[in-house]
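Build the full structure now, drawing on both the sequences and the hints.
Order-wise, the sequence lines are chains A and B. Residue 39 in this note's numbering is what sits at position 39 of the first sequence, and the numbering runs on without skipping anything. Convert by adding 187 to the 1-based position in the second sequence; the result is the number in this note's numbering.
There may be inaccurate statements among the hints.
What the hints assert, rightly or not - Covered stretches of chain A (chain B as the covering partner; in silico rule of three or more C-beta atoms under 8 Å from a C-beta of chain B):
(1) 53-67
(2) 70-76
(3) 165-173
What the hints assert, rightly or not - Not everything, but these chain B residues come out facing chain A in the computed CB check (under 8 Å):
(4) Leu238
(5) Leu241
(6) Gln243
(7) Thr244
(8) Ile245
(9) Ala247
(10) Arg256
(11) Gly257
(12) Ile259
(13) Ala260
(14) Val263
(15) Ile264
(16) Arg266
(17) Leu267
(18) Ala287
Unchecked claim - Label pairs and their calculated CB-CB ranges:
(19) Gly62(A) - Ala272(B): 34 to 40 Å
(20) Ser327(B) - Asp132(A): 30 to 36 Å
(21) Arg292(B) - Asp43(A): 50 to 56 Å
Since the hints were made in silico from the structure, they are not lab data. All residues carry an ideal CB built from backbone N, CA and C; glycine is no exception.
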Amino acid sequence: MPDQEPKLVARAQRGDRAAFEKLVRLHADHLHAVVLRLSGDRDVAEEVTQEAFLRAWRGIDGFKRDARFFTWLYRIGVNEARRRLQRPSEPRPILSLEEHPIEPRDPGRGPAGAAEYADLHSALEAAIAALDDDYRLPLLLRDVDGLSTAEAAEVMGLGEAAFKSRLHRARLAVRAAVEPYLPARDE
Amino acid sequence: MRPMLRPIRFMRDHRFISSHASAYLDGDLDESRRRRVERHAGVCARCHQLLESLRQTIAALMGLRAQPRGDIADGVIARLRELMAQCGVDAILLKHVKSAEAAERERFLGSPTLRVNDQDVDPTAGERTEFGLKCRLYPSTDGLRGGPRRVRGCRLDPSARCARCAGWLKGTTPTASTRSLAPCRAPSPRATTRRSHSRSCVSSAEACR
Numbered sequence: 001m002p003d004q005e006p007k008l009v010a011r012a013q014r015g016d017r018a019a020f021e022k023l024v025r026l027h028a029d030h031l032h033a034v035v036l037r038l039s040g041d042r043d044v045a046e047e048v049t050q051e052a053f054l055r056a057w058r059g060i061d062g063f064k065r066d067a068r069f070f071t072w073l074y075r076i077g078v079n080e081a082r083r084r085l086q087r088p089s090e091p092r093p094i095l096s097l098e099e100h101p102i103e104p105r106d107p108g109r110g111p112a113g114a115a116e117y118a119d120l121h122s123a124l125e126a127a128i129a130a131l132d133d134d135y136r137l138p139l140l141l142r143d144v145d146g147l148s149t150a151e152a153a154e155v156m157g158l159g160e161a162a163f164k165s166r167l168h169r170a171r172l173a174v175r176a177a178v179e180p181y182l183p184a185r186d187e
Numbered sequence: 188m189r190p191m192l193r194p195i196r197f198m199r200d201h202r203f204i205s206s207h208a209s210a211y212l213d214g215d216l217d218e219s220r221r222r223r224v225e226r227h228a229g230v231c232a233r234c235h236q237l238l239e240s241l242r243q244t245i246a247a248l249m250g251l252r253a254q255p256r257g258d259i260a261d262g263v264i265a266r267l268r269e270l271m272a273q274c275g276v277d278a279i280l281l282k283h284v285k286s287a288e289a290a291e292r293e294r295f296l297g298s299p300t301l302r303v304n305d306q307d308v309d310p311t312a313g314e315r316t317e318f319g320l321k322c323r324l325y326p327s328t329d330g331l332r333g334g335p336r337r338v339r340g341c342r343l344d345p346s347a348r349c350a351r352c353a354g355w356l357k358g359t360t361p362t363a364s365t366r367s368l369a370p371c372r373a374p375s376p377r378a379t380t381r382r383s384h385s386r387s388c389v390s391s392a393e394a395c396r
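Structure representation (structure tokens):
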């Protein structure tokens with residue numbers, strides 16, 4: 001994360017809204033991406049992201065600077081997303097690859113390779129969506145969003161050992177679901 | 188190792204890899220455990236396949252990382268500004284008063300001190316001279332409280348959409364050790380809120396009209 005973040009947080013705590021807006025620009029996309037995969041709905045994800053930042057703004061005086069701002073922010077966002085998902089009147093749709101396409105990172109394998117890649121990603125999306133939240137979140141934070149184990153555990157309020165255990169189980173579940181789509185290596 | 192023990196050791200290594208495959212791939216194992224995994228995976232096709240497929244799965248998960256959309260922050264910032272405008276807040280300024288001399292200079296009556304358009308929220312404050320780094324209480328119908336229930340000249344009310352303002356005006360005032368009093372914040376200075384607490388953590392905030 002950028003070195004400027006602690007200074008921006010300090011300024012925001014003194015009431016500098018421009019500094020807070022810079023923090024928004026630093027983290028909004030990443031938080032939105034995590035919340036989108038948790039909620040499975042773009043509108044809900046945007047609302048949750050907005051609400052998370054509003055809560056962060058209201059509560060930034062209480063943020064202790066020995067913690068990392070973005071893990072604190074993610075925690076607010078994740079809690080808000082979970083609150084939304086617990087509402088029975090709001091069924092959670094499953095992301096489809098057609099509606100939410102993901103560009104292959106390795107398109108150099110020709111049409112057949114790209115098709116295989118799309119199959120793998122469809123299977124991944126379905127496998128992630130099928131996970132319980134307690135297992136999906138570690139996977140999203142650590143593997144998809146790229147947080148370190150310590151950061152992701154902090155977001156979830158878990159010890160690292162408990163976090164790693166959940167992450168491993170989640171990975172094994174996803175691996176089992178996508179294994180038929182993985183490219184053969186020993187050829 | 189004696190030949191009879193080899194199958195037992197093999198099965199133990201098998202289970203070890205099943206439970207430590209992620210730790211191995213994340214580089215979290217110490218040298219001896221890492222060698223144990225590699226030695227076993229070298230002779231066990233099933234464990235080799237587990238590690239390889241798990242590695243590919245993690246790589247594929249990393250490939251799902253969304254490209255930044257770029258417009259999410261714009262929406263959040265627009266919403267923040269909209270709420271500030273609804274609250275009628277023009278600016279908040281937090282000011283830290285760190286010494287008795289500064290308290291005297293700032294005519295600081297204690298924490299929290301709130302000023303709106305440079306006027307203390309307590310109409311009698313202008314007549315008082317007991318400046319210093321200390322806690323400040325405000326009279327209310329329920330007795331003394333850690334913050335004012337109403338602010339002169341502030342058009343906010345408890346039903347305001349800004350929960351921070353609403354919470355403040357509803358009387359959910361902070362204790363001396365909290366730093367959550369400032370109602371909300373916005374760009375151009377017009378009103379001032381000040382506060383401090385006994386360990387000389389003093390601040391002021393421009394609040395609402």
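Verification of the supplied hints:
1. Closer than 8 Å: that is the beta-carbon criterion, and the region 53-67 of chain A has 7 residues meeting it against chain B, so the requirement of 3 holds.
2. Note: the region 70-76 of chain A has 0 residues with beta-carbon separation from chain B under 8 Å; the three-residue rule is not met and the coverage is violated.
3. Under a criterion of three residues with beta carbons nearer than 8 Å to beta carbons of chain B, the stated coverage of the region 165-173 of chain A is upheld, 4 such residues being counted.
4. The criterion of a C-beta within 8 Å of any C-beta in chain A is not met by Leu238(B), whose closest approach is roughly 10 Å, and the hint is violated.
5. Interface hint status for Leu241(B): upheld, as the beta-carbon distance to the closest one in chain A is roughly 5 Å, under 8 Å.
6. With 8 Å as the threshold, the beta carbon of Gln243(B) comes within range of chain A, its nearest partner Cβ sitting at about 5 Å, so the hint holds.
7. The beta carbon of Thr244(B) is positioned within 8 Å of a beta carbon in chain A (closest approach about 4 Å), and the interface hint is therefore held.
8. Checking Ile245(B) against chain A by beta carbon gives a least distance of about 6 Å; that is within 8 Å, so the hint holds.
9. Below 8 Å, beta-carbon pairs count as interface contacts, and Ala247(B) has one with chain A at about 6 Å; its hint therefore holds.
10. Proximity of Arg256(B) to chain A holds as hinted, the smallest CB-CB distance being about 6 Å (cut-off 8 Å).
11. Hint status for Gly257(B): holds, given a least beta-carbon distance of 7 Å to chain A, under 8 Å.
12. A distance limit of 8 Å between C-beta atoms decides the matter here; for Ile259(B) the minimum to chain A is near 4 Å, and the interface restraint holds.
13. At a threshold of 8 Å, the smallest CB-CB gap from Ala260(B) to chain A is about 4 Å, leaving the interface hint in force.
14. Below 8 Å, beta-carbon pairs count as interface contacts, and Val263(B) has one with chain A at about 5 Å; its hint therefore holds.
15. A hinted interface residue such as Ile264(B) counts as satisfied when its beta carbon comes closer than 8 Å to some beta carbon of chain A; here the least separation is about 5 Å, so the hint holds.
16. The interface hint given for Arg266(B) is met, as the beta carbon of that residue sits about 5 Å from the closest beta carbon of chain A, less than 8 Å.
17. Residue-level restraint check for Leu267(B) holds (minimum Cβ-Cβ distance to chain A is 7 Å; threshold 8 Å).
18. Interface hint at Ala287(B): violated, since its Cβ lies 22 Å from the closest Cβ of chain A, which is beyond the 8 Å cut-off.
19. A hinted range of 34 to 40 Å for the beta carbons of Gly62(A) and Ala272(B) is inconsistent with their spacing of about 25 Å.
20. For Ser327(B) and Asp132(A), the Cβ-Cβ distance of about 48 Å falls outside the hinted range of 30 to 36 Å, so the restraint is violated.
21. Taking the beta carbon of each, Arg292(B) and Asp43(A) are about 52 Å apart, inside 50 to 56 Å as hinted.
The structure is inconsistent with the numbered hints 2, 4, 18, 19, 20, although it conforms to all the rest.
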